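Protein chains: 6
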Amino acid sequence: MAITSKGLSWLRTPAEEDAPPGVKELYAKANEKLGFIPNVLRVYALRPRHLELWNAFYDDLMRGESALTRVQREMIAVVVSTANRCHYCMVSHSAYLRKLTGDPVLVEQLRTNYKYAEIDPRERAMLDFAVKLTEQSAGCTEADVEALREAGWADEDILDIAEVAAMFNFTNRLASGLGWVPNDEFVKLGFDETG
Amino acid sequence: MAITSKGLSWLRTPAEEDAPPGVKELYAKANEKLGFIPNVLRVYALRPRHLELWNAFYDDLMRGESALTRVQREMIAVVVSTANRCHYCMVSHSAYLRKLTGDPVLVEQLRTNYKYAEIDPRERAMLDFAVKLTEQSAGCTEADVEALREAGWADEDILDIAEVAAMFNFTNRLASGLGWVPNDEFVKLGFDETG
Amino acid sequence: MAITSKGLSWLRTPAEEDAPPGVKELYAKANEKLGFIPNVLRVYALRPRHLELWNAFYDDLMRGESALTRVQREMIAVVVSTANRCHYCMVSHSAYLRKLTGDPVLVEQLRTNYKYAEIDPRERAMLDFAVKLTEQSAGCTEADVEALREAGWADEDILDIAEVAAMFNFTNRLASGLGWVPNDEFVKLGFDETG
Amino acid sequence: MAITSKGLSWLRTPAEEDAPPGVKELYAKANEKLGFIPNVLRVYALRPRHLELWNAFYDDLMRGESALTRVQREMIAVVVSTANRCHYCMVSHSAYLRKLTGDPVLVEQLRTNYKYAEIDPRERAMLDFAVKLTEQSAGCTEADVEALREAGWADEDILDIAEVAAMFNFTNRLASGLGWVPNDEFVKLGFDETG
Amino acid sequence: MAITSKGLSWLRTPAEEDAPPGVKELYAKANEKLGFIPNVLRVYALRPRHLELWNAFYDDLMRGESALTRVQREMIAVVVSTANRCHYCMVSHSAYLRKLTGDPVLVEQLRTNYKYAEIDPRERAMLDFAVKLTEQSAGCTEADVEALREAGWADEDILDIAEVAAMFNFTNRLASGLGWVPNDEFVKLGFDETG
Amino acid sequence: MAITSKGLSWLRTPAEEDAPPGVKELYAKANEKLGFIPNVLRVYALRPRHLELWNAFYDDLMRGESALTRVQREMIAVVVSTANRCHYCMVSHSAYLRKLTGDPVLVEQLRTNYKYAEIDPRERAMLDFAVKLTEQSAGCTEADVEALREAGWADEDILDIAEVAAMFNFTNRLASGLGWVPNDEFVKLGFDETG
Numbered sequence: 060m061a062i063t064s065k066g067l068s069w070l071r072t073p074a075e076e077d078a079p080p081g082v083k084e085l086y087a088k089a090n091e092k093l094g095f096i097p098n099v100l101r102v103y104a105l106r107p108r109h110l111e112l113w114n115a116f117y118d119d120l121m122r123g124e125s126a127l128t129r130v131q132r133e134m135i136a137v138v139v140s141t142a143n144r145c146h147y148c149m150v151s152h153s154a155y156l157r158k159l160t161g162d163p164v165l166v167e168q169l170r171t172n173y174k175y176a177e178i179d180p181r182e183r184a185m186l187d188f189a190v191k192l193t194e195q196s197a198g199c200t201e202a203d204v205e206a207l208r209e210a211g212w213a214d215e216d217i218l219d220i221a222e223v224a225a226m227f228n229f230t231n232r233l234a235s236g237l238g239w240v241p242n243d244e245f246v247k248l249g250f251d252e253t254g
Numbered sequence: 060m061a062i063t064s065k066g067l068s069w070l071r072t073p074a075e076e077d078a079p080p081g082v083k084e085l086y087a088k089a090n091e092k093l094g095f096i097p098n099v100l101r102v103y104a105l106r107p108r109h110l111e112l113w114n115a116f117y118d119d120l121m122r123g124e125s126a127l128t129r130v131q132r133e134m135i136a137v138v139v140s141t142a143n144r145c146h147y148c149m150v151s152h153s154a155y156l157r158k159l160t161g162d163p164v165l166v167e168q169l170r171t172n173y174k175y176a177e178i179d180p181r182e183r184a185m186l187d188f189a190v191k192l193t194e195q196s197a198g199c200t201e202a203d204v205e206a207l208r209e210a211g212w213a214d215e216d217i218l219d220i221a222e223v224a225a226m227f228n229f230t231n232r233l234a235s236g237l238g239w240v241p242n243d244e245f246v247k248l249g250f251d252e253t254g
Numbered sequence: 060m061a062i063t064s065k066g067l068s069w070l071r072t073p074a075e076e077d078a079p080p081g082v083k084e085l086y087a088k089a090n091e092k093l094g095f096i097p098n099v100l101r102v103y104a105l106r107p108r109h110l111e112l113w114n115a116f117y118d119d120l121m122r123g124e125s126a127l128t129r130v131q132r133e134m135i136a137v138v139v140s141t142a143n144r145c146h147y148c149m150v151s152h153s154a155y156l157r158k159l160t161g162d163p164v165l166v167e168q169l170r171t172n173y174k175y176a177e178i179d180p181r182e183r184a185m186l187d188f189a190v191k192l193t194e195q196s197a198g199c200t201e202a203d204v205e206a207l208r209e210a211g212w213a214d215e216d217i218l219d220i221a222e223v224a225a226m227f228n229f230t231n232r233l234a235s236g237l238g239w240v241p242n243d244e245f246v247k248l249g250f251d252e253t254g
Numbered sequence: 060m061a062i063t064s065k066g067l068s069w070l071r072t073p074a075e076e077d078a079p080p081g082v083k084e085l086y087a088k089a090n091e092k093l094g095f096i097p098n099v100l101r102v103y104a105l106r107p108r109h110l111e112l113w114n115a116f117y118d119d120l121m122r123g124e125s126a127l128t129r130v131q132r133e134m135i136a137v138v139v140s141t142a143n144r145c146h147y148c149m150v151s152h153s154a155y156l157r158k159l160t161g162d163p164v165l166v167e168q169l170r171t172n173y174k175y176a177e178i179d180p181r182e183r184a185m186l187d188f189a190v191k192l193t194e195q196s197a198g199c200t201e202a203d204v205e206a207l208r209e210a211g212w213a214d215e216d217i218l219d220i221a222e223v224a225a226m227f228n229f230t231n232r233l234a235s236g237l238g239w240v241p242n243d244e245f246v247k248l249g250f251d252e253t254g
Numbered sequence: 060m061a062i063t064s065k066g067l068s069w070l071r072t073p074a075e076e077d078a079p080p081g082v083k084e085l086y087a088k089a090n091e092k093l094g095f096i097p098n099v100l101r102v103y104a105l106r107p108r109h110l111e112l113w114n115a116f117y118d119d120l121m122r123g124e125s126a127l128t129r130v131q132r133e134m135i136a137v138v139v140s141t142a143n144r145c146h147y148c149m150v151s152h153s154a155y156l157r158k159l160t161g162d163p164v165l166v167e168q169l170r171t172n173y174k175y176a177e178i179d180p181r182e183r184a185m186l187d188f189a190v191k192l193t194e195q196s197a198g199c200t201e202a203d204v205e206a207l208r209e210a211g212w213a214d215e216d217i218l219d220i221a222e223v224a225a226m227f228n229f230t231n232r233l234a235s236g237l238g239w240v241p242n243d244e245f246v247k248l249g250f251d252e253t254g
Numbered sequence: 060m061a062i063t064s065k066g067l068s069w070l071r072t073p074a075e076e077d078a079p080p081g082v083k084e085l086y087a088k089a090n091e092k093l094g095f096i097p098n099v100l101r102v103y104a105l106r107p108r109h110l111e112l113w114n115a116f117y118d119d120l121m122r123g124e125s126a127l128t129r130v131q132r133e134m135i136a137v138v139v140s141t142a143n144r145c146h147y148c149m150v151s152h153s154a155y156l157r158k159l160t161g162d163p164v165l166v167e168q169l170r171t172n173y174k175y176a177e178i179d180p181r182e183r184a185m186l187d188f189a190v191k192l193t194e195q196s197a198g199c200t201e202a203d204v205e206a207l208r209e210a211g212w213a214d215e216d217i218l219d220i221a222e223v224a225a226m227f228n229f230t231n232r233l234a235s236g237l238g239w240v241p242n243d244e245f246v247k248l249g250f251d252e253t254g
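Residue numbers (my numbering), protein chains in the order written: chain X, 60 to 254; chain G, 60 to 254; chain F, 60 to 254; chain V, 60 to 254; chain C, 60 to 254; chain E, 60 to 254.
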């Protein structure tokens with residue numbers, strides 16, 4: 060039995076026209092930026108108020124003011140989603156990161172085994188922490204936080220790293236638990252930018 | 060080496076008086092309701108904007124309109140935090156659930172092995188899903204969602220269950236990854252209400 | 060389906076009056092000390108000779124002459140039972156340890172994530188070993204024993220630590236494998252003693 | 060670094076002549092039966108009172124009155140010790156079971172993958188339960204006990220099966236945690252009896 | 060510390076001109092077909108005789124006569140390499156499968172969570188078996204083989220499925236254990252063929 | 060249900076007389092050396108061309124020119140097969156190693172917990188790497204390879220170690236996935252050579 064049955068999710072997906080104004084605005088913005096509406100916005104619209112509140116928080120974590128660059132935040136997204144083997148988020152955030160960096164080779168490294176990526180020690184420490192937080196959070200100790208400080212991250216930055224990693228532990232579970240299917244458009248996104 | 064070093068977290072905790080007005084309001088509300096300020100609000104104040112946005116979303120999930128009762132949402136909180144062995148959230152949400160139910164025996168069952176709890180089949184299906192989402196999200200299938208429908212949950216409710224379970228996968232990781240220490244007050248909370 | 064079906068165990072529980080004299084004596088002693096008969100003594104009475112021989116050994120390990128204090132032995136009981144997620148033993152030994160120490164906060168730390176407990180290095184080494192013995196005994200090496208010696212334990216004490224940890228690996232399996240249900244009385248036990 | 064350093068254990072082993080009379084009696088009996096003293100009796104003699112109490116209990120479980128045959132109890136010993144990868148107990152109890160059955164092929168099956176053993180359905184149910192108890196006791200349910208009843212075991216027998224399996228979870232941890240080395244004599248024991 | 064240090068492997072890579080004639084022939088053939096020499100042929104040339112014998116076997120498994128199509132064999136390659144998180148083989152065999160199928164969406168499904176792939180039941184059974192063989196071979200039973208027969212595979216085909224899955228358990232271990240780095244060319248390979 | 064149903068495998072085993080000449084030659088050679096035909100050669104003959112190509116590669120790895128001795132290669136075979144709990148390969152390669160070394164005590168150590176074996180540091184490093192490659196290949200790093208160099212192995216030897224370990228990850232999966240049953244003759248093989 061295939062895991063998906065044509066739909067975008069194992070739950071009912073509301074029709075676009077039934078969305079409340081706040082959600083329709085999210086659709087318009089996404090469409091303008093990407094040329095399509097990411098399926099997450101359609102399937103999560105089953106609970107429009109939750110979608111809007113989640114999106115406000117998510118958007119600030121991923122695009123708001125922070126010592127972490129946009130690229131670094133998407134690196135965490137890809138690496139955490141890979142650790143959780145989340146189909147939707149691996150496909151979509153690999154695309155976002157290819158688009159941001161123009162570096163599909165880097166993205167292939169991050170989404171198979173991030174230890175092969177040629178990144179700087181600060182970023183390596185950041186990803187090591189994100190993965191430990193994901194896979195064995197109860198085993199984290201003060202030494203893990205200390206390693207981030209030694210790599211050059213301030214306390215505020217460490218909280219941001221933890222929040223972004225924790226956020227994908229949230230979204231990965233919605234996507235994997237409810238069978239969310241990514242847009243086909245993501246698959247080829249971000250290859251043209253290179254070279 | 061002890062995991063905690065006196066503080067409330069492995070990161071710096073901002074002084075109460077330095078909090079912006081929105082955060083101070085959260086402190087006041089919590090203090091009024093509980094008689095103390097839960098440490099999560101102090102340690103997360105290192106990034107006040109994130110705290111406010113997270114709290115708006117969290118509060119709606121846990122207290123907003125939903126087919127899930129307040130008690131059911133706290134049951135998920137306890138069971139997910141137990142699966143993740145999260146010290147802060149096990150201690151605090153056990154307290155909240157004792158307070159809500161006046162039933163410390165039930166809480167003991169949920170926070171050791173929820174299969175011993177004498178709950179109805181709808182709630183059992185809800186908790187089975189929350190735990191699978193937590194421990195092996197990539198292994199979830201449409202059959203898991205179907206089991207919730209058969210237990211009587213509508214699609215909107217299933218999304219709510221998934222969101223609450225996913226939310227504690229978010230907070231558990233912040234708490235365990237950053238060494239958050241719960242208030243001692245939680246430990247005895249909710250025992251007096253019984254009988 | 061609830062894991063328990065009213066009874067105290069998934070096996071038949073013998074009537075109190077059918078117990079042989081040696082077992083009745085255990086009931087009387089326990090009743091005198093606690094004000095009730097712990098269910099373990101009722102359900103294990105299905106094989107009275109085994110119960111008596113086990114109890115003789117168990118009682119000497121937990122209360123006999125040793126360099127380990129009563130409290131330290133109960134700390135191992137709580138931490139091992141938590142690692143094994145044993146409902147009966149977590150509930151009952153948390154109660155015993157609250158009663159012995161008058162410190163419910165400590166017990167909450169030990170039964171969620173013992174690394175948060177503020178205990179001395181000798182006790183930390185003792186618990187680290189008890190958990191490793193429980194979760195990955197085949198991975199133990201001479202270095203683990205050496206760490207206990209360095210923390211100040213003599214060889215006889217190390218054997219005692221190993222025996223108490225191993226004993227709860229015995230009882231946890233009986234309790235979890237046979238569905239033993241703890242007395243409700245345990246849940247509130249040991250809170251009054253504090254302060 | 061080799062795991063063993065010549066000795067029989069990572070702890071000090073008391074000299075034979077220093078053993079109290081009760082322990083010396085155990086040595087004499089074992090020597091008479093096997094032609095040598097199993098090292099467990101030497102290394103455990105560091106705490107002679109514990110050794111005697113443990114041995115009284117162990118001996119009754121393994122040789123006392125029960126619906127389980129001697130062979131069935133040793134089958135559990137081999138299968139549980141294999142699941143725990145316990146060097147001492149795999150070597151010694153494989154020898155005992157070869158001696159009892161004269162069937163080294165059966166023993167090879169039990170100590171690699173017991174599913175290859177050609178045993179009757181009652182014994183298969185017994186071993187399935189022993190392994191589940193060993194590897195995931197917190198996941199046991201009433202259905203596991205029911206499967207044993209359906210295979211023909213009475214409640215008393217199920218308790219015996221659980222106790223024998225739990226006992227090797229006790230001894231495996233002492234042996235693996237303290238580096239016990241089995242007597243070389245065990246290795247060839249029980250091959251001559253066959254055919 | 061980055062996992063790779065510029066080179067193609069953690070071991071010394073022999074110069075192309077030092078390769079014996081049989082290996083040079085492999086280089087020429089690969090170059091003709093792909094336009095580049097896959098790094099596996101360079102790094103494995105440290106033991107040229109092994110490389111030639113391995114390649115003869117591998118080539119027959121992957122391209123020789125079989126009831127499995129070329130595409131099906133590459134599907135197993137991708138899914139097994141994903142289960143083992145093998146960087147080199149995920150990158151290279153995703154490329155081969157995109158090239159063969161012209162279907163990058165299918166490849167994205169297979170290399171994140173193959174349950175999302177819309178494939179026929181025979182192929183699903185084939186992949187289920189390949190993954191079980193990879194992740195828990197000791198847990199395989201006759202029922203797993205029976206499920207393949209029921210899906211329509213003959214005994215010879217089942218052996219082929221097992222061999223291809225086992226082969227990638229071989230190559231994944233060489234690549235991951237010795238730090239093999241895939242050619243950058245693989246990353247964009249097979250996207251142009253689509254549409 | 061027993062895992063085996065009389066046969067040598069869960070798949071059909073071809074009759075000896077139906078084997079092509081190349082396979083019959085393998086039978087003759089094995090028979091001459093051992094006095095019987097190992098079942099692997101019978102069950103794998105379902106795909107005779109694969110059997111011959113595999114055997115050519117396998118034979119060179121295990122008996123061809125290498126800095127690893129025959130004994131060291133069989134040590135890897137036993138330790139990897141133990142880590143994978145492969146019934147066929149544990150039984151057969153324990154026998155081969157007993158025959159080669161005349162040391163059944165060593166073989167017992169290697170097939171229960173190789174850390175108890177009294178071997179030299181080079182061999183210990185070799186086995187540590189073989190087990191890591193088997194159990195967590197994606198976690199291997201350049202430091203693991205460096206540890207082998209420090210123990211005295213050249214790069215060519217490290218490739219040989221990895222290949223032999225990877226080969227048993229191949230054969231273990233065929234044997235465990237297809238239910239191969241070892242010849243009874245293996246069980247007693249290699250005990251007489253001792254002393």
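Just so you know, these hints were derived from the structure itself, not from any lab.
Model, not experiment: these values are computed from the prediction.
Keep in mind that a hint or two might mislead.
Same chains, same names: a pair is fine if it fits in one copy or spans any two.
[To be verified] Derived pair list, reagent style SDA-like, types lysine to any residue, alpha-carbon separation capped at 25 Å:
id, residue 1, residue 2
1, Lys158, Pro107
2, Lys247, Phe95
3, Lys247, Ala197
4, Lys191, Thr72
5, Lys158, Phe250
6, Lys92, Glu201
7, Lys191, Asp243
8, Lys247, Glu215
9, Lys158, Asp179
10, Lys191, Arg144
11, Lys191, Arg71
12, Lys158, Ala213
13, Lys83, Arg183
14, Lys191, Gly249
15, Lys92, Glu182
16, Lys247, Asp162
17, Lys83, Glu215
Among all the numbered hints in the text so far, which are the ones the structure does not match?
1, 6, 7, 8, 12, 13, 14 and 15
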